[in-house]
Amino acid sequence: MIKAIGGLLLRAVVVLSGTAILTFALLWHAPGDPAQAIAMARFDALLTEDVIDQVREEVGLNANFWQAFWAWLGPLLRFDFGYSAVTGRPVWPDLWAAMTYTVPLALAGLAIGLAVSLPLAVLATKRPGGLLDRAAVGVASLGAAIPAYWLGLLLILLFAVQLRWLPAMGARTTAHAILPAVTLGLGVAASLTRIIRSGILEARGQPFLPAIQRRGVTERALARDHIAPHAAIPVVTLFGLELAFLLEGAVLVEVIFGRPGLGTFLVQAIVARDFPHVQAVVVVTALAFVVVNLLIDIIYRVIDPRIGAENA
Amino acid sequence: MRSVLILVVCLIALAVLGPLLAPYDPTAIDIPNRLSAPNATFPLGTDALGRDILSRLLYGARWSLGLAFLISLLSLTIGTAVGLLATLGGKIADWSLMRATDTFLAFPELVAAVVIAGLMGAGTWSLIFALSVTGWMRYARVVRGIGLSLQSRGYVVQARLAGLPGWSIARWHYLPSLIPSLTVVWTGMFSRAILGISALGFLGFGVQPPNPEWGAMLLDARVHMRSTPLQMTWPGVAVVICVLAINLAGDALRDALAKEGSHE
Numbered sequence: 012m013i014k015a016i017g018g019l020l021l022r023a024v025v026v027l028s029g030t031a032i033l034t035f036a037l038l039w040h041a042p043g044d045p046a047q048a049i050a051m052a053r054f055d056a057l058l059t060e061d062v063i064d065q066v067r068e069e070v071g072l073n074a075n076f077w078q079a080f081w082a083w084l085g086p087l088l089r090f091d092f093g094y095s096a097v098t099g100r101p102v103w104p105d106l107w108a109a110m111t112y113t114v115p116l117a118l119a120g121l122a123i124g125l126a127v128s129l130p131l132a133v134l135a136t137k138r139p140g141g142l143l144d145r146a147a148v149g150v151a152s153l154g155a156a157i158p159a160y161w162l163g164l165l166l167i168l169l170f171a172v173q174l175r176w177l178p179a180m181g182a183r184t185t186a187h188a189i190l191p192a193v194t195l196g197l198g199v200a201a202s203l204t205r206i207i208r209s210g211i212l213e214a215r216g217q218p219f220l221p222a223i224q225r226r227g228v229t230e231r232a233l234a235r236d237h238i239a240p241h242a243a244i245p246v247v248t249l250f251g252l253e254l255a256f257l258l259e260g261a262v263l264v265e266v267i268f269g270r271p272g273l274g275t276f277l278v279q280a281i282v283a284r285d286f287p288h289v290q291a292v293v294v295v296t297a298l299a300f301v302v303v304n305l306l307i308d309i310i311y312r313v314i315d316p317r318i319g320a321e322n323a
Numbered sequence: 007m008r009s010v011l012i013l014v015v016c017l018i019a020l021a022v023l024g025p026l027l028a029p030y031d032p033t034a035i036d037i038p039n040r041l042s043a044p045n046a047t048f049p050l051g052t053d054a055l056g057r058d059i060l061s062r063l064l065y066g067a068r069w070s071l072g073l074a075f076l077i078s079l080l081s082l083t084i085g086t087a088v089g090l091l092a093t094l095g096g097k098i099a100d101w102s103l104m105r106a107t108d109t110f111l112a113f114p115e116l117v118a119a120v121v122i123a124g125l126m127g128a129g130t131w132s133l134i135f136a137l138s139v140t141g142w143m144r145y146a147r148v149v150r151g152i153g154l155s156l157q158s159r160g161y162v163v164q165a166r167l168a169g170l171p172g173w174s175i176a177r178w179h180y181l182p183s184l185i186p187s188l189t190v191v192w193t194g195m196f197s198r199a200i201l202g203i204s205a206l207g208f209l210g211f212g213v214q215p216p217n218p219e220w221g222a223m224l225l226d227a228r229v230h231m232r233s234t235p236l237q238m239t240w241p242g243v244a245v246v247i248c249v250l251a252i253n254l255a256g257d258a259l260r261d262a263l264a265k266e267g268s269h270e
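Chains A and B supply the protein sequences, listed in that same order.
Numbering of the first sequence is given in the numbering used here, commencing with residue 12 and proceeding in unit increments.
Numbering of the second sequence is given in the numbering used here, commencing with residue 7 and proceeding in unit increments.
Do not rely on the hints blindly, as some may be mistaken.
Claimed, not checked - In silico DMTMM-like cross-links for lysine to aspartate or glutamate, where the CA-CA straight-line distance does not exceed 25 angstroms: (1) Lys14/A to Asp100/B; (2) Lys265/B to Glu230/A; (3) Lys97/B to Asp108/B; (4) Lys265/B to Glu60/A; (5) Lys14/A to Asp108/B; (6) Lys137/A to Asp236/A; (7) Lys137/A to Glu213/A; (8) Lys137/A to Asp257/B; (9) Lys137/A to Asp261/B; (10) Lys137/A to Glu230/A.
These are calculated hints, taken from the structure and not from any lab test.
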């Protein structure tokens with residue numbers, strides 16, 4: 012187990028290094044002056060040509076990609092994201108503020124997704140192939156085909172414009188979060204329903220179940236002790252994918268609903284070519300993903316001891 | 007199965023024949039008739055510049071489906087190459103290529119695509135690059151997985167012992183067994199590409215105006231949501247129908263292959 016976790020940690024470090032190199036390569040090759048971008052990241056926005064040239068000299072931008080990379084990486088490793096190229100304010104407080112909007116939204120979306128998909132999948136698998144099952148699969152397929160931004164616009168149209176029940180734009184009150192969270196949650200529910208459904212069906216097909224049943228174990232205990240844990244494995248494995256989906260969805264949902272958050276932060280930064288902001292979002296997201304995937308891999312090994320160090 | 011196939015063929019036909027069927031030029035501006043509701047002259051109404059929405063939808067199918075086809079094919083090529091190199095290139099190549107795959111997977115694909123396309127400068131080429139370079143990882147994993155299971159098969163061992171070069175083994179012994187699974191993954195990536203193209207278009211980082219791409223059309227329509235809510239419905243419906251049809255085709259294909267496999 013220790014060896015397996017060590018291997019996973021090593022992998023996480025390799026992946027993070029790779030992400031850092033890719034991110035820097037992207038900034039390096041993006042149209043615009045990388046020296047200016049780096050200078051802005053390290054000092055404030057009010058730069059003179061002298062300062063930029065000094066950075067160019069210091070970082071060795073004219074000479075070598077790798078030297079420039081190390082100079083760029085140093086402050087990042089100390090979680091120093093520098094200053095915004097546009098406002099001149101430090102990046103971290105603004106990034107943190109954006110995260111305090113996005114993380115609760117994503118969690119609410121996940122909660123709604125689970126609350127919808129879990130009962131739906133359990134009901135659907137009561138009679139596999141039955142009317143309810145086919146309806147659930149149909150709704151889930153339809154849901155997976157609906158883009159988050161379009162669903163969001165339709166919900167605004169119905170609940171904010173026509174019915175006037177809920178506010179649509181901004182994030183002033185909790186009511187403002189309902190439509191964005193539901194938009195995100197329904198998307199999550201669509202993919203989770205299929206995953207949980209096939210997880211339950213596969214768990215039901217385990218060859219030793221009839222034997223346990225014949226020993227007189229109740230239907231309830233069987234579901235709790237033998238079907239649920241097995242069905243949970245694909246849900247945990249695919250949780251990394253769900254998280255990616257949540258973040259992608261959050262980006263679009265925030266833009267649609269005019270909510271502050273990581274998504275709007277990122278889109279505005281790209282439009283304004285605010286490199287320090289862009290790189291901060293990329294680095295923080297990659298870090299979060301690698302950590303979450305690491306935890307998933309570890310949990311996965313705990314609930315399913317058959318998976319050894321080899322079959323990562 | 008058959009109805010899904012017919013639907014897919016119809017959609018492809020619409021994309022190919024769109025320009026012949028479209029009643030108007032999709033970029034022709036007609037200010038007096040702007041934001042008109044569906045009527046006899048404009049079956050689906052017009053947008054804020056008076057452009058015919060039906061014509062834009064039909065031309066848009068070329069952008070959305072055509073680009074999605076190109077992007078899914080490009081990422082299929084990258085992914086297959088990486089997967090084959092990983093299985094045939096020895097332990098070091100395998101380890102480094104799979105860690106490279108993990109690195110690309112360490113980031114939500116669409117967010118990565120937004121960053122890449124945005125930093126490269128919005129436009130069709132950036133869009134193609136951004137979505138292809140973030141879409142190949144699943145192919146690589148599938149190819150490697152199947153490749154590893156083939157490695158110990160008799161005919162592959164034979165070929166190796168006979169001194170056949172790696173590329174030849176890949177071409178004659180691996181590719182034929184890979185095609186069924188790759189086709190299933192490809193349908194999934196095709197619909198992902200459609201969603202990605204329209205998402206980037208909607209954010210303003212994809213196909214640029216005045217080109218009629220569905221996501222960009224939604225972005226235009228969003229501003230006039232209150233006055234002409236119907237305008238916003240059409241591009242969304244188009245995306246949903248295409249993605250749903252392709253996903254269903256993929257499911258049907260997977261089931262058919264699974265059935266075939268069980269008969270063997």
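These are the hints, each one checked on the structure:
1. Lys14/A to Asp100/B: The given pair, whose Cα atoms are some 21 angstroms apart, holds under the 25 angstroms limit.
2. Lys265/B to Glu230/A: It is violated: about 31 angstroms lies between the C-alpha atoms, which goes past 25 angstroms.
3. Lys97/B to Asp108/B: holds, 16 angstroms
4. Lys265/B to Glu60/A: Not OK: Lys265/B and Glu60/A at ~68 angstroms, beyond 25 angstroms, violated.
5. Lys14/A to Asp108/B: holds, 20 angstroms
6. Lys137/A to Asp236/A: Holds - the C-alpha atoms of Asp236/A and Lys137/A are around 17 angstroms apart, at most 25 angstroms.
7. Lys137/A to Glu213/A: holds, 13 angstroms
8. Lys137/A to Asp257/B: Given that 25 angstroms is the threshold and the Cα spacing comes to 22 angstroms, the pair holds.
9. Lys137/A to Asp261/B: Distance of about 22 angstroms is within 25 angstroms: holds.
10. Lys137/A to Glu230/A: holds, 12 angstroms
The structure does not agree with the numbered hints 2, 4 stated previously, though it agrees with the rest.
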